[in-house]
Every structure is written in structure tokens, then in C-alpha cells.
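Asker: Take these sequences, add in the hints, and give me the full structure.
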Amino acid sequence: MENLIKAETMSERLHNDGTTVGRNTLISLKGVSKNFRKNGKEITVVNDCSLEIAENEFLVIVGPTGSGKSTLLKLIAGFEAPTTGEIRVGGEIIKGPGADRGMIFQEYALLPWRNVLKNVELGLEFKGSRSEADNRAQAMKYIDMVGLSSAVNKHPVELSGGMKRRVSLAMILVTKPKILLMDGPFNALDSKTKMTLHAEITRIWEHEHNTIIFVTSDLDEAVKLGDRIAVMNQSGQISKIFHNGLPRPRTGKAALDTEFHNRFIKLREEVLNEVKAGAGKTVCEY
Amino acid sequence: MANTQRSGTGNIGAFLVDRSYYVLGVLLFLVVWQAASMLKLFGNDFSEAFSPLAAALALIEMAKDGDIVRHAVPSLRRVLVSLAFAIIVALPVGVLVGYFKRLEQLTYVVFQFMRMISPLAWMPIAIIIFGVGDVSVTFLLWLVAIWPLILNTAHGAGRVSPLWLNMAKTMGAMDAGILRKIIIPAAIPDMLTGLRLAVGVSWIILVPAEMLGVPDGLGYFILDTRDRFRYDQLIATIVVIGAIGYLLDSVNRWLISKYSWKI
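If you read the protein sequences in the order shown, they are chains A and B.
Mapping the first sequence onto my numbering, position 151 (from 1) lands on 151, and the numbers just tick up by one.
Mapping the second sequence onto my numbering, position 207 (from 1) lands on 493, and the numbers just tick up by one.
To be clear, the hints were calculated from the coordinates, so they are not data collected in a lab.
Worth double-checking, as some hints may not be accurate.
[To be verified] Below, a list of computed lysine-lysine pairs in the PhoX-like style, where the Cα atoms sit at most 25 Å apart:
(1) A:K141 with A:K127
(2) B:K467 with B:K455
(3) B:K467 with B:K544
(4) A:K127 with A:K194
(5) A:K194 with A:K164
(6) A:K178 with A:K118
(7) B:K467 with A:K118
(8) A:K141 with A:K194
(9) A:K178 with A:K164
(10) A:K276 with A:K266
(11) B:K467 with A:K154
(12) A:K154 with B:K387
(13) A:K164 with B:K467
(14) B:K467 with A:K141
(15) B:K544 with A:K164
(16) B:K387 with A:K38
(17) B:K467 with A:K178
(18) B:K467 with A:K176
Answerer: Have a look at this one:
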């Protein structure tokens with residue numbers, strides 16, 4: 001209980017002044033670069049990125065297409081190894097993917113032969129040890145959390161895009177990863193579904209105290225969700241990190257407040273200018 | 287599939303109309319066949335024995351004196367035993383070949399080459415090694431069944447989406463878990479397709495294989511009826527072979543419709 005209170009006050013502090021002072025660093029990137037070979041040319045996708053992410057922080061990464069934000073996330077997930085530099089999680093250099101870092105991919109990865117319940121149970125089956133009834137109860141809890149209790153017996157082929165997103169979310173959340181890596185998880189969803197999922201992910205994050213790194217190209221989403229917003233530029237560098245001091249909750253009634261609205265628009269404008277400045281000659285999608 | 291779509295209104299009447307066309311097809315076939323034998327189209331000497339009515343009478347006779355069971359059971363046993371051995375070998379090989387690209391490249395030419403050789407060509411070698419009898423026939427059937435099983439399983443295992451594998455890894459899955467929970471279930475529809483092809487080709491090869499020195503089985507009985515000039519029983523045996531083959535294939539089609547998943 002005491003831990004819980006401590007964590008709450010900490011996130012309080014973070015939300016108000018936008019700093020991570022006094023909190024433990026969970027993830028640290030030191031001079032991380034990633035080169036790929038394309039048509040015989042060596043291209044740098046992620047360029048000398050250094051970043052510290054605190055426990056229970058919600059970090060959003062934005063940037064123009066091709067700025068390497070997805071690659072940066074894959075590096076942290078362990079699906080790619082950095083060309084130079086090091087990535088530590090909890091002080092340890094990471095070696096490949098792990099259950100401590102649950103990644104939610106841009107594409108759906110539901111297993112088509114399993115229904116919603118069985119898909120969400122998958123991660124628990126991998127862990128073994130627990131009983132079937134226990135797995136089922138755990139899975140149901142998270143299916144409930146993402147609002148899919150009425151669809152537990154449906155197969156992926158019967159689900160809409162938004163529902164599949166929710167299943168992917170529940171599939172990863174049920175494994176209780178300390179760190180959630182989300183690669184444009186709400187891209188291509190209609191705005192209503194998006195809004196619901198924003199509220200849900202915020203609630204889950206406040207409830208489960210995960211650390212979230214969230215990649216997106218939607219600046220409204222970035223300002224709504226992030227404690228900090230890191231902007232990547234065309235050269236694959238982190239050009240600037242904005243502290244988002246907007247109070248939470250940032251949805252519903254709170255968003256109607258004029259003062260809040262003005263601050264929201266101002267921050268969004270600043271981030272937009274930074275993204276545009278870093279977009280170089282490429283077409284800017286914002 | 288296309289048929290159930292057509293009767294997609296879901297009412298029983300449409301379903302019965304659809305079914306009745308299948309039955310009608312069989313009846314038309316029997317009528318044409320009977321007419322052909324009555325018009326002596328199979329020659330003056332044989333036309334009567336070759337008619338469906340003569341075959342039906344012979345079938346009743348064979349059912350009564352136990353000839354059908356006496357020869358169908360060993361045939362089914364040979365096919366099922368060889369299939370079981372084929373599955374034991376082909377599924378692991380297929381999964382490995384499908385999953386590891388290098389293994390697929392190493393085996394591709396050899397497997398495609400072996401696949402195209404009729405197992406009957408191996409008959410002398412089978413007899414040298416195993417002698418005349420059950421073991422040789424089972425070996426030949428095994429040899430014909432493994433290729434569709436291996437190649438289809440490999441195709442299925444190769445179709446596993448990298449997304450599923452990445453997701454499993456980010457959930458902390460180990461290789462054994464990935465194999466059991468992702469790769470094998472993903473390959474099941476193709477395994478079943480392989481099984482259907484294997485059963486079909488085994489049942490076809492069974493008849494000539496049983497003509498090579500075994501004392502029972504439907505293939506043996508074909509030669510036996512010929513030697514006894516019982517052409518009505520020969521036709522009846524052909525009908526039995528076709529009917530059992532059709533039933534085996536129906537079981538496979540049912541398995542495929544039950545265990546296949548759709549994207």
C-alpha cells in the first residue's frame with residue numbers, strides 16, 4: 001500500500017512540473033545509432049540518441065516519416081541491435097526481446113485460429129506454471145478492461161480494426177510488462193475509437209504503473225498522452241524533448257476548460273514547429 | 287463451399303434441393319451404365335456381367351459370405367498403418383523444413399525428385415529388403431504418403447507470420463512454446479491438406495501394390511475375381527474400392543473444414 005501511495009505522489013509531481021527529478025531511471029539510451037544497408041549504401045536511421053526514461057513515465061516519440069522513431073522502439077524492444085551505443089533497462093544492457101518489454105505492433109498480430117479469450121491467454125500460456133482457470137480469470141480481467149467482454153468467443157476474422165487493437169492491447173497487458181512499447185497502436189482508427197482507447201490506455205497506465213514509450217505521428221494524441229514528447233528529425237536524431245505540464249485528466253470535461261485548451265494548443269504548436277523544422281525536404285505529414 | 291454459398295438463404299428447402307442434385311447425378315450415372323450394358327456396348331460376352339444390376343447382386347453375395355470384410359479390412363489396415371508411420375516422419379520433417387530456410391534449400395531438389403517417382407518402381411527393392419508380403423506393401427504406401435505430407439506441412443510452417451513470432455518473443459516465449467503454440471497450429475490446415483492428398487494417393491496405389499504377392503486385400507481380390515471369371519464380382523470390388531475411397535476423402539474434408547482457420 002505504501003508503495004502505491006509513493007508511486008501516486010511521484011506521478012503527481014511529474015505531471016505538475018514535467019520533470020523526472022527524484023524518480024528512478026528505468027531505461028537509458030547512450031549514444032544509440034542504427035545503420036541499415038539499402039541499395040549498397042549505408043544509411044543511418046537512428047543517429048546518436050541519448051535518452052533517460054523514468055519509471056512510470058509516459059514518453060511519446062513523434063517525428064516525420066522516416067525519422068527512425070519505429071526503429072528506435074524496435075531497438076528498445078530488442079528486435080534490432082544498435083550499431084553503436086548501449087541500451088539499458090534497469091541498469092542491465094538488453095540482449096534481445098524479453099517479457100519485461102511488451103511491444104504492441106503497428107499491424108495486428110492476433111492468432112486467427114484462437115478466439116479473443118484464447119488470444120489473450122496466449123502470453124500466460126507461454127509463462128506456464130499457472131492453472132487454466134487462473135489464466136482465464138486473468139485474461140477476462142484485461143478483456144474487460146479494454147471493453148471486449150461481449151466478444152470473448154469471437155475469432156479475429158469477426159472483429160473490426162478497433163476491436164483487434166483492443167485485443168492486441170489486452171494480449172500484451174495481461175503479461176504485465178513493466179514497459180509498454182507502442183508503435184503507432186491507434187493509427188488508422190476512427191477518431192471516436194481513438195478517443196476511447198486514449199482514455200483506456202491512460203487509465204491502465206495510472207492503474208498498473210507501467211512505463212510507456214509511445215510512437216505516433218498524431219500530435220493531438222502526443223500532447224494528450226505524454227509526460228514528455230521527444231521529437232525526432234530526418235537525420236534520426238532526437239532534436240528536442242518537450243515537457244508536457246498539462247494536468248491530467250486531459251480528456252472529457254477537463255479538455256473544455258479554456259485555460260487548458262490554450263495551453264494544449266500552444267504546446268501542440270511548439271511540437272509541430274519542431275517537427276516541421278526537422279522534416280527537411282521531405283513532405284511533412286502534419 | 288461454393289454450393290453452401292449458393293444455398294445461403296439458410297432454409298431447409300434449398301438445402302434439400304441442393305442435396306437432391308447430388309443424388310440425381312449418381313442415379314443418372316447408374317441409368318447410363320445400365321443402358322450401356324443392355325445395349326451390349328461392352329461386348330456380347332461381358333456386357334451382362336458388367337452391368338450395375340449384376341454388380342449389385344454380386345455385392346450382396348460378397349457381403350453375405352464375408353468377402354468384402356475379408357479383403358477390405360487388410361486393405362484399410364495397410365493404408366492406415368502406412369499413414370501413421372508417414373505422419374510420424376513427415377510432420378516433424380515438414381515443420382523443420384518449413385521453418386528453417388536453409389533446410390528447405392538443402393532438401394528441395396531431393397524431395398521434389400523423390401516425389402515424382404512412382405512407389406511401384408521401388409517394388410523390387412522393397413521385396414529384396416522386406417520380402418513378399420505385408421511389410422513391402424506397407425513400405426510402398428508409406429513411401430507414397432510422406433511426400434504430400436512433408437511438402438504441405440513445410441508450406442504451412444513457412445507461412446507463419448513474422449508478426450506472430452515477434453509477438454511471442456515480446457511475451458517472453460521460448461522456442462518450444464513458439465513451436466507448440468504458434469508454428470504447429472499455424473501449419474495444421476496445410477497438414478490436413480497434405481493428409482487428404484496422402485490418403486487419396488495411398489488408396490490409389492494400394493490396388494496395384496496388393497497385386498504383388500499378398501494373399502488378401504481388395505487389390506488381390508480384383509485379380510482373384512478375374513481368375514475365377516467372376517466379372518460381376520470384379521465390378522462389385524471396383525465399386526467397393528471407390529466407395530471406401532470416397533468415405534476416406536469425406537473424413538478428410540470434414541477434418542479440414544473443422545480445423546482450418548481463416549484470416
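Asker: Starting from K467 (chain B), check that the Cα of K118 (chain A) is at most 25 Å away, please.
Answerer: This hinted pair holds, its Cα atoms lying about 11 Å apart.
Asker: Check the hint pairing K141 (chain A) with K194 (chain A) against an upper bound of 25 Å on the C-alpha distance.
Answerer: The given pair, whose Cα atoms are some 21 Å apart, holds under the 25 Å limit.
Asker: Keeping to a limit of 25 Å between CA atoms, is the pair of K127 (chain A) and K194 (chain A) held or broken?
Answerer: 31 Å, violated
Asker: Does the structure keep K178 (chain A) and K118 (chain A) at a Cα separation of 25 Å or less?
Answerer: Judged against 25 Å, a Cα distance of about 23 Å means the pair holds.
Asker: Hinted pair, alpha-carbon criterion (25 Å max): K164 (chain A), K467 (chain B). Please report holds or violated.
Answerer: 20 Å, holds
Asker: Are the Cα atoms of K467 (chain B) and K154 (chain A) separated by 25 Å or less?
Answerer: 19 Å, holds
Asker: Are K194 (chain A) and K164 (chain A) close enough, with their CA atoms no more than 25 Å apart?
Answerer: 13 Å, holds
Asker: Does K178 (chain A) sit within 25 Å of K467 (chain B), going by the straight-line distance between their CA atoms?
Answerer: 24 Å, holds
Asker: Verify the proposed pairing of K544 (chain B) with K164 (chain A), using a straight-line Cα cut of 25 Å.
Answerer: Holds - the C-alpha atoms of K164 (chain A) and K544 (chain B) are around 24 Å apart, at most 25 Å.
Asker: Do the alpha carbons of K154 (chain A) and K387 (chain B) lie within 25 Å of each other, as the hint requires?
Answerer: Given pair K154 (chain A), K387 (chain B) is violated - Cα atoms ~34 Å apart, limit 25 Å.
Asker: Sort out whether K266 (chain A) lies within 25 Å of K276 (chain A), counting only the CA atoms.
Answerer: 15 Å, holds
Asker: For K178 (chain A) and K164 (chain A), compute the direct alpha-carbon distance and say whether it is at most 25 Å.
Answerer: 22 Å, holds
Checked against the numbered hints listed earlier, the structure breaks hints 4, 12; every other hint is satisfied.
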